[in-house]
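Colleague: Each chain is listed here by its residues.
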Amino acid sequence: MTTAAPAASRATATKRPADIAFQAVSTVAGVLILIALGGVAIFLVAQAVPAIIGPIPEAEGASFWDWVWPLTFGTLWSAFLAMIMAVPLAVAIALFITHFAPRRLAQLLGYVIDLLAAIPSVIYGLWGIAVLAPFFQPAFLWLGENLGWLPLFTPPASGTGRTILTASVVLAVMVLPIITALCREIFLQTPRLNEEAALALGATRWEMITMAVLPHGRSGIIASSILGLGRALGETMAVAMVLASSGVVSFVVIGSQNPSTIAANIALRFPEAHGITVNMLIGSGLVLFAITLLVNGLSRWIIAKTTVDGGR
Amino acid sequence: MSKRIEINDLDIYYGDFKAVEGVSVDIEPRAVTAFIGPSGCGKSTVLRSLNRMHEVISGAWVDGEVLLDGANLYGPGVDPVNVRRQIGMVFQRPNPFPTMTIRENVLAGVMLNNRRMSKSDQDDLVERSLRGANLWNEVKDRLGVPGSGLSGGQQQRLCIARAIAVSPDVLLMDEPCSALDPISTLAIEDLIEELKTEYTIVIVTHNMQQASRVSDKTAFFNIAGTGKPGKLIEFDETAKIFSNPSVQATEDYVSGRFG
Amino acid sequence: MTATIAPTRTAQNPLTAGQLPRWAPWALLGVAVLIGAAVAGLIAGASGTAFSLVTVALLGFVLYLVAVTVVSQLIEGGRKATDRLVTGLVVGAFLLALVPLISLVVTVAINGAARFDLEFFTYTMRNVVGEGGGVLHAIVGTVLVTIWAAIISVPVGIFTAIYLVEYGKGSLSKAITFFVDVMTGIPSIVAGLFAYALFALFAGEGVRSGFGGAVALSLLMIPTVVRSTEEMLKLVPNDLREASLALGVPKWLTIAKVVLPTALAGIVTGVTLAIARVIGETAPLLIIAGFTTNMNYNVFDGRMMTLPVFAFNQYVSPGVQEQAYFDRAWSAALVLILIVMILNIGARVIAHFFAPKAGR
Amino acid sequence: MKFTKLGRAAVVAAAGALLLSSCAANEPAATEPAGGDSAAPEASTLSGDLAGAGASSMGAAQEAWIAGFQTANPDVNITYDPAGSGAGREQFIAGGVGFAGSDAYLDDEELAGEFAACAPDSLPVDLPIYISPIAVIFNVEGVDSLNMDAATIAKIFSGQITNWNDPAIAEQNPEATLPDAAITAVHRSDDSGTTENFTEYLAATAESDWTEGVFETWPAAYGGEGAQGTSGVVDAVSNGTNTIGYADASRAGDLGTVALQVGEEYVPFTAEAAAAAVDASPRVEGRHEGDLAVDLDRTTTEAGVYPLVLISYAIACTDYEDDATAELVKAYLGYIASEEGQQAGAENAGNAPISDELREEILAVVDTIQ
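Protein chains in written order, with the working numbering: chain A, 11 to 322; chain B, 2 to 260; chain C, 92 to 451; chain D, 55 to 424.
Pulled out of the complex, with its shape left as it was, chain A reads as follows (with noise of 0.2 Å):
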C-alpha cells in the first residue's frame, strides 16, 4: 500500500498558528458537547441505580420495572393517539399549503404554522385546562352512553374531561405544526419536472400528487412523524396540567382513571419527591430517555436508508 508516501507529502502542508487554534476552538466546542452529554448520562444512570436495583416502596409496586410500565405505558398511549390524530391532518395541512393554497396565503400560513411552533407548553396546558376538558365532557358521557361496548369508550366517562384522549388532543395540536413545517418543506422540495410531466399526463391535481408528491416525501413524511412523536413523548407540562392520571394501565380514552405519562409524573412529583422516590422518578427519567433515543435514531435510519432512492 501507499502509506508511507502520503504521510509525507501531507506533511508539508505546515498550519498557521491561526488556523490551528481556531480548529482547536471549534473541536473543544464539539467535545463540551460530548462532556455536557456524557455528565448528563452519568448523572441519569447513578440517580436511577438505586432504584432499579434495589427496593422500592411497597406501595408504589413490587419493583422499579413494575412501577415504570403504566407510565412507559401511558407516555406510549398518549403519543400514539396524538400521532394518530396529528399526522394526517398535518400531511393535509402541509398538502393544502403548499398545492392548494394561493401562493400568497400559502406563505403566510407558513409563518403561521412556524409560530404556532413555538408556543409555550404552559399555555397549552392553560388551554387544555380551561377550554378543550369542558368542550370534550359532554362528548365523552356520549360516547360513553352510545359507543360504551368499543373497549376504547368504557363508561364510566369522566365527570370532567381531563382524559387522556384530551391530552392526546393537546398533544396533537402542539406537534401538529412542527411535522406540518417539515412535510411542508418536503413537499415544496418534490422536483417541478416530475409534478410538471404528471399533469402533462392530464392528471388530475390529487393523481399529481400521489403520483409525484408523496412518492417523494414519503420518507420525509415518516421522519417528521417520528420527529413529532419524539416530541409528543417528552411533554411535560401540558400533559401533567391537563391529564388526571392515575398509574393504571388502559385502553379507556374517555374515562376517569387514565395512565400518567413518565414526563408529567417526574413535573407532578419531583417537588414534594424524597429519598428513593427521588431516585425512581430519574430512573423513569432514564427510561424516557432511552425511549426518544430509540425513536430519533429510528427517523435517522429512516432518513439514511430512504434518501438514497428519495433524491432531491
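It is worth saying that the hints were derived from the structure and are not from the lab. Keep in mind the model is a prediction, meaning the values are calculated, not measured. Where hints are given, some of them may not hold.
As the list claims (entries may be wrong) - So these bits of chain A aren't anywhere near chain D, every CB distance computed over 12 Å:
no.: 1; residue: 157
no.: 2; residue: 217
no.: 3; residue: 258
Stated by the list, open to error - Pulled a few chain A residues facing chain D out of the computed Cβ check, cut under 8 Å:
no.: 4; residue: 139
no.: 5; residue: 170
no.: 6; residue: 250
no.: 7; residue: 256
no.: 8; residue: 266
Note that the Cβ used here is the ideal one computed from N, Cα and C, for glycine as well.
Start from chain A and add chains B, C and D according to the hints.
Modeller: Just chains B, C and D now, kept in the frame of chain A:
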C-alpha cells in the same frame, strides 16, 4: 512579475486512488498554456495542484514536484496559503462573495488577510485591478453595490480583478468561460490576451477553438478508462497540436473524432 | 336562473364540457350547511339542548363531501370526483386544525386582557397579597436567564457546527453529530434535574439561581443552534470557500470572514428561533431557577422568577382570591406568547432583510 | 452596512433591556445605601435575606406573611419556595434554607442526623403555625351540604359506593334530593400532605372500610380521578358534574361541603372547630424540649371539633450557626405566630388561626432562638 512553472513527474492521488500520473510540463512565463482533454482526464486536478488548491478536498495529496522559478511548492515547510497568494485562480463559475460590494470583492484578497491599506491606496488598487480586468468602465459608478448583482460575464471579470488585485505571478483559470454566453466569452478571451503580457497564465478549457485562439502552448491529457489515472499525452506549441500533432490520440481528439 | 345558463355555456365551449361550473361546489357547500343547520335546529328543539355550531359544521361538511363527490361522479367522472373529494378533505383538515389554534390564541388574548395593564408591567409581586401586583420581576428574570442561556449556547453551538462542517471528519465528527441528535431528545425536565445536580455539587443542596436555569436551557438550546447553523453553513457554496482560499486567505479567516458572514442571516434566524423555543420552558426552571416574589437582577445568586414559572405557579397555587391569581396567570401567558411571536417575527425580518442579496 | 444594522438592532435591544430593568414601582430602591429607607415610621433595623422552602399547603399563607413582614421591615427579603414538604425538609437539613415548612414533623431518623444550618449539638424544633381544615367538597346540582360519617366517605373514595342515591348516603341525609348518577371521586394525583391527612383520618376513623392505609400518593389501584394540586381538584370538582373530592377548606368556595360525624353530631368545617381539633390533640411523646409536634386525635368525639385538619409546621433551629439568620428567623416566626400574622394568613389562605394557648407556647419557643 511572472514566473516559470516546472512540473516534474507529478502523481496526484485522492486517498488511495491515483487520479493523475507522471505529468511533466514546463510552463513559460508571459504566455498562455492551455490544458485540454476529455472530461475526467485530470486536467483540472493538475491545474488545482499548481496552487495547492486540490488539498482542500480531504484525502488529496501529491507525489512529485512543482517548481515556481525553481522553488518547490511541495517542499517541506511550505505554507499553501503563501503559495496561493502568488498563484491566483479563477474558477469555472463566477463566484463573487455575496456579502460584499464590488469594491470589497476586489479588495477581498487584501482585506481578508487583515492587511492595512490607506483609503487612497485601496482606491488605486480597485481601479487598477478593475481596469486590468476590463470592467472599470462598466462598474465605476456602482462600486458600492453587491457583486452578485452583475451579469455572469461581468462577475467573471470581477473574479479576475479580484485575483489580480493580490498581484500574483501566475493566474490559473479553470474553464473560466464555460458558464458564460459567447459575447462574455469573447470579452474574457480578449482579457486573457492582454493579461499574458504581465502574467503566466494556465487555462483549462474543454473548448478547443478557445484553446487554439488564446493559448501559445497546449497540453493534451487523456485517460485510458474509468478508474485509471489520467496522463499527459502531448505538450507542444498550440499551432502544432492543432495542425500536426505527433500522437494519434491527440489528432483524434482535436479533429473531433474522439468520444 | 343560473342553473339554466350553465348548460348553455357548457354547450358553447367543448373544452368546458362535462365539467362542473366554478360556483357549483360553493352552492353545494351552502346547501349542505343549511341542511346541517336545520338538522341541528331540530336536534336542539327535540332534546332541549343549545343549538350547536359544532353539529352544523360537522353535518355540513360531511353532506358537502358526499354531495360534491356524487355530483362530480355523475357529471365529471370518477377521477375528477376523487380529486374533488380529496380537495374537500384537505381543506377540511386545514380548517379543522385552525379551530384549536384560533381557540388557543383567542382564549389567551381574552383571559389575558384582564390584567394587561400598566401595573402588570411595572410591579413585582413583592408584598402583594390577593389582587394587584405585576410580572416585572418575571420578565426581567426571563430576559436574564435567556440571555445567559444564549451566551452559553450560541458560541458552543456555532463553533460545534463550524467543526462539523469545516473540519469534522472521522469518528469524532460522527459521534458529535449523533449525540447532538440524542441531545434534541433530552426531555426538558431531565435537563433541569441535571442542572440542579450539577450546581448542588458546588453550592450544596437547595441551590437556586438564574444561572442554573440558563445552564439547563442551554442544554436544550445547543442542539437547535448546532442543527440550524450546520444547515446554514452547508448552504454556503463551496465556490466561495475555494475563491477565498485561492486568494491566499488562511482557512480560519475564510471561515470567519467569508463563510460566516454569508450564512449570518440564517444563523441569526436559527438562534432567534432557538431562543423562542426555550423561552417558554417551564419544567427545568421550576426545579433550578426557583421561585420568588421579589426582583432579582443577579443571575448568580438567589432565586429568579421567570414568566412560564410565574404563569404555572399562579395557576396552580392561588390564594383565596383565586380570580386575581388566574388573571395574572393568563396575562403572563399572553405576555409570553407576545414575546415568542415578536422573536419569531424578528427572525423572519432578519432572514428577509439581512440575507445576502441573491444575484440573478 | 449589514453589521452596523445588526449592531443598531443590538443597541435597541440593550436599551430596551435597560428600560425593563429599571426599578419596579413597588420594590425598595436597590442602590440606596443601607438604611436609606429611614423615612418609614419606627424604622426597622432588620435587614438581610432569608429563604424558606417546603409545604405548598402553606404557600398562600406564606405569601401573606412575607408581604406583612416585609412591609414592616422594608430591608428584609424573604422567599418561600413551595417546593413540597419533603424537599423543604431536605433543603433545611442541607442548610439550603433558613427554615422549612412541612406537613409532617421531623422524624427520629432525621433528628438523629446533622443539620447544616444549626449550631452543633442543637436540635431544630417543629412549630405548628398553620392549621387548615380539609373540606370534603362535592358538586351535585341542588345540594349544598351533606352529612356523612367516615365510613361513607371511605366507601366513596375506595369505590364501594358508586352512586349518589346509595342508601348509605340517603339515610344520613333525609332532606337532600340525590340524583341517580355515578360518583366521580377526585383525588390528588401528586404527592400531597392533604392526601396524607385525609387518608390518615379515614384509616383512623373507618378502619373496617378504609383498609388501604395512609399514603401521600394515591395508588393506582384505588380508582377515582386524579387531579394535579389543590386547584386541580377544585377545578375538577367544580367543572365536572356529580363529583366529590377533598381539598383545603379555604378553596371550597361555593361548592357543597360535607359535615363530618363526630360523636353523635355532624360538624361542618369552621376555623374554630379546626383549631379546636389541634388543642384537643396530645403532643407527640418523647420529643425534645421546645418541639411542639402534635399527634392529631382523629377519633375524637368531643363536641364542636372538626378532626379532618392539616397541620403544617415551621421547622427552625433553636441555635443558628449564623446570628443574622437567627435574628431574621426569630422575628419572622414571631410575626407568623402573632395574632396579626395569623389573621393575615387567614385572609389570604383561609387557614384557621391558631388558638391563644398554642400561640403562647409557640412564642415562648421562638424567643429561645439564637
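Colleague: Give a verdict on every hint.
Modeller: Here's how the hints hold up against the structure:
| no. | hint | in the structure |
| --- | --- | --- |
| 1 | 157 | 17 Å, holds |
| 2 | 217 | 46 Å, holds |
| 3 | 258 | 5 Å, violated |
| 4 | 139 | 7 Å, holds |
| 5 | 170 | 4 Å, holds |
| 6 | 250 | 6 Å, holds |
| 7 | 256 | 4 Å, holds |
| 8 | 266 | 4 Å, holds |
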